[in-house]
Amino acid sequence: MRRTFTYTERDLRRWIRGRINVITSLVMPAAWLIFVGLALPIRFTDNYLDFITPGILVLTMLGASLQGGALLMFDKILGFLQKFLAMPAPRESILFGKILAITLRGLMQTTVILIFAIVLGAHLLDPVFIVQTYLILFIFGVLLSSLMTTVALGLEDHDSYAAFNSMIAMPLFFTSSALMPYDQMPGWLAFLAHLNPVSYAIDAIRDLQVGIIPVTTIGGLLIGAVCVLSMSVYVFRKATI
Amino acid sequence: MAIIETFGLTKHFNSLVAVDEMDLSIDREIFGLLGPNGSGKTTTVKMLTTLLTPTAGEAKICGYSVATQPCEVRDRISYVPQDMAVDMKLTGRENVVFFAKLYGIPHPRETADEALAQMDLSSRADDLVKTYSGGMRRRLELSQALVHDPEVLFLDEPTIGLDVAGRRKIWEHIISLKNGGMTVFVTTHYMDEADHACDRVGIIDKGRIVALETPNALKSLHCHDIIAIRGEGEYHGTIVPDVTFIGKIGDELRFKAISGEDSGIPLLRALSDSGLKVQSVVIRQPTLDDVFLSLIGDQDETVAFDHHRFRTMLRRRA
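Those protein sequence lines, which keep their order, are chains A and B.
So that you can map any letter, position 41 of the first sequence is 41 in the numbering used here, and since no number is skipped, the others follow by simple counting.
So that you can map any letter, position 225 of the second sequence is 225 in the numbering used here, and since no number is skipped, the others follow by simple counting.
Keep in mind that the hints were calculated from the coordinates and are not lab data.
Just so we're clear, the structure is a prediction, and the values are computed from it rather than from any experiment.
Among the hints, erroneous ones may be present.
[To be verified] Beyond 12 Å from chain B on every Cβ pair, some chain A residues (computed): (1) T6; (2) R13; (3) W15; (4) T24; (5) L81; (6) P90; (7) V112; (8) V151; (9) N165; (10) M180; (11) M185; (12) G211; (13) L229; (14) V235; (15) A239; (16) I241.
[To be verified] Which residues of chain A face chain B? A few of them, derived with a C-beta cut under 10 Å, are: (17) R17; (18) R43; (19) F80; (20) M87; (21) R206.
The C-beta atom is built at its ideal place from N, Cα and C for all residues, glycine as well.
So here's chain B without its partners, still in its complex pose (with noise of 0.2 Å):
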């Protein structure tokens, strides 16, 4: 029995579905869910947190169900929301000594004293939160969720708004958590980050899982070499063989070929001879950004803002 197994998972938001038939099977890893904005990452784990009840289909963690056993699930869970929600006028020592009291933890101040030490922050533990950078008030929200013993950590966006060294150290610690036998659930939109610390990521898409692998897998599987070409003029939908176009970030175009080498030159003639000035070529490994742009395409440039979308999702996080 896997530690987090859904069933058919799906979620309807009156006509909008913003989970379908999700089957996922997740086990003392770190799990990263990934997927542009308003494709049912938080819908997920809300769900898997008991906070949303499914429409259809079963979820288990620990094997109790989250629709009828919501009160076996919750003690073995932990939330960390993407708000940031510590209390700024208590002490960090006071956030995690009332989590502690909450979960009825014997010695709540002991166990808040190791929970603190874990995430670093003994030395700042009496100073009142709203002196904490961005990266303590996570490492704090971190340790809250920590005094339990959670079997299962679940991390909305962990590392959002954080600085380049709060993201790594945030990331140093949820690999230290796994490591000693914890499942995280982390659902992000930053690539190289999934790249680098999941065990196992799925992307997901208008409320479907599109791809579930390792991320080493993911890269082999869906693109072998990437040419990325800068270049002035328009791109008319030139192709050669073996070479897919899967995207345009800024004023890079991208393309995804078998062997980088061999389709280089034919493409730059290609893209000659049809007009676009070229002035520079990079023939690179494929990040898992390149397989996020070729699996889902380029969210900004194809799909127009969809306000009414948008406002559903606002009313649903609030």
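This is chain A alone, in the form it adopts within the complex (with noise of 0.2 Å):
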């Protein structure tokens, strides 16, 4: 365990000291709070800024995760990995330090974006929901960075790496419930949508603006972290370059 936060020490340092890549990240999804959030003329809601915060919260994550997966692809493409792979510290703390790296990189961009989302009118204050959804965001950040990470390993250049993330990237947002409840989506959508991990991370937090606990959302996305993750330390103790 202690080799896992020695790795997440590593890249969180390294994050922070390119202090432009932490403000840019933040960008999007600020962009999205304000310009879809405040501008779309939205029939089904009063207060649609409400309804679309979970959405941005968890597209903040989902993009910190998508782009988190570069991290091994540089590590592995500057030589770093051939390295760590050398060593006899376990080879899963590679992973476990890569995850907890960008999920808790996506904890802090949130906070900004929960921040921000606040002083434009949302009413998201109680501290207990806050603290639950944060929980929910983590699981998401784990099951989304574990994958990523564990398909960057396996993929042969950043090239294909960026390709993979941007095909997968927008269908994920646009097939989920960010942006519209599923009784206004058209069927197929809502189909869709009902699949999608990212939806279950938006349902759950959703559910507890309103005051219920999402055991059966939360339990779904804990089952599919725990498959995604044993999957990929088996890939990780088995890795050759």
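Assembly of the complex is requested from the two constituent chains, each provided in isolation within its own frame, with the hints serving as guidance.
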């Protein structure tokens, strides 16, 4: 476990020293919040900002996780991973370190977005709600960053990683319940949205907003995260370069 | 028991035989693996460092099998690949402390300071690595590799891309590590460096070890005297007794002879008769470069660039 924190510390230090990355990673979700949350002419709810904020929080986490896989890709291209794999530290600590770094990074970004949303007028101040939201975002982050880190381990170079990334990013977001509730969607989209892990995270946060504890959706996310994580551990233990 | 032992070590990549039935026994010395690009050097190192699984055969480090006891092997080795991977945005000290923590060393900070001092980096330890020169970055990698006091150090092209002073310094450090009892396995294609620093060298070609000796033994075994001739005109394969053509480097023809003094004049005459206008003749002691040339031949002149093979190699590196 100590090895995991060592790997995480390295990635976070590098990220924070590249100050510009910290800022640029916040621009996209903030833009969504302002341009979509405040500007879209919506009729199904009076407070679209309250409705869209869970979607944007999950979008921020999704973006952080998708970008996060590139951390491992660069370690691999630049030769760091070869050194790490030849070390006695358990190999899965490389994976866990990346997941933790990516997810913590994502949580820092979502914090900024959350503050932003509250400033803009979203009603999200309840501390219990915020803690539970963080928990959901954490599980979601573990699921996605574990998947992307393992994908990066398998792919050949950064170009193919970027291609894979853009292939899944937009479909995952638009076939989720981020932008509209299921009853406003065409039937086929609602069907897809019910399968999408992104919707699970968003729906769970929305349930919290109205005071429901979303046991099944969190359970679904947890099961997904555990499955993906065990698969990733297996792949990392076997990894050759 | 030797520190590094391999028995029939073999690696195939689909139809490409990268390493073919390699038998080695290396013990507390600097062992240099020399060979042209694509001859299997890096693949060998990757198998010995547990990064690749051998297709056949066996390799043991300190008595532990790389295939079935990789964790025990990783405990005893350090591997510095040729890419120079150090974190530019961290300081030299942070880079080494990071490795010390990964190795689970009891006092990471103190140990890191020692390793930095050992590589003469103490005065710059708190500067960001992006301000380091190439030679300093390589020494920083050596510090990282040394924090857990390994028994075997694997270095893949340790001096590639460094200036002359940087190279000399790296080799001084490698030699002092060996004198401290460490086994060093190094790949290189700088012959002069291998000649000067390695206790034994193995020359590898197309995955096979074609020669394995001390540099001096190799030189006296494979070449006696070297006659190097520069001239105008084509070489038509003229040969005189006791002289063998070994290759052409630039516009210089190289021959090996049992006695350069005895064969020099007849060779010159024969070359002039065949129409070559000789401009200069040098008779000298052989270098490892000559041994390499006579064993492997002149790669650039004889073998066309194989694009497919090159891409396979790159992919393997990535």
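Non-interface claim for G211/A, where every Cβ of chain B lies beyond 12 Å
It holds; G211/A is separated from chain B by about 45 Å at its closest Cβ, greater than 12 Å.
Decide, holds or violated, for the assertion that all CB atoms of chain B are farther than 12 Å from the CB of A239/A.
9 Å, violated
No chain B beta carbon within 12 Å of W15/A's:
9 Å, violated
Against chain B, does V151/A hold up as non-interface, every C-beta pair farther apart than 12 Å?
Since the minimum Cβ distance to chain B is about 15 Å, V151/A lies beyond 12 Å and the statement holds.
Please check whether the beta-carbon of M185/A is more than 12 Å away from every beta-carbon in chain B.
42 Å, holds
Interface hint outcome for M87/A [beta carbon to chain B under 10 Å]:
6 Å, holds
Would you say N165/A is clear of chain B, with no C-beta pair closer than or equal to 12 Å?
18 Å, holds
Would the least Cβ to Cβ distance between P90/A and chain B come out above 12 Å?
Not fine: 9 Å to the nearest Cβ puts P90/A too close to chain B.
Would you assess whether I241/A, listed as outside the interface, keeps its beta-carbon beyond 12 Å of every beta-carbon in chain B?
The assertion about I241/A is violated, with a minimum of 5 Å to chain B.
Regarding the assertion that R13/A does not contact chain B, is the least Cβ-Cβ distance greater than 12 Å?
6 Å, violated
Would the non-interface assignment of M180/A survive a Cβ cutoff of 12 Å against chain B?
Per Cβ check, M180/A is outside 12 Å of chain B; nearest 42 Å; holds.
Does R17/A pass the interface check with chain B, least Cβ-Cβ distance below 10 Å?
4 Å, holds
Of the numbered hints given earlier, the model fails hints 1, 2, 3, 5, 6, 15, 16, 18, 21; all others are met.
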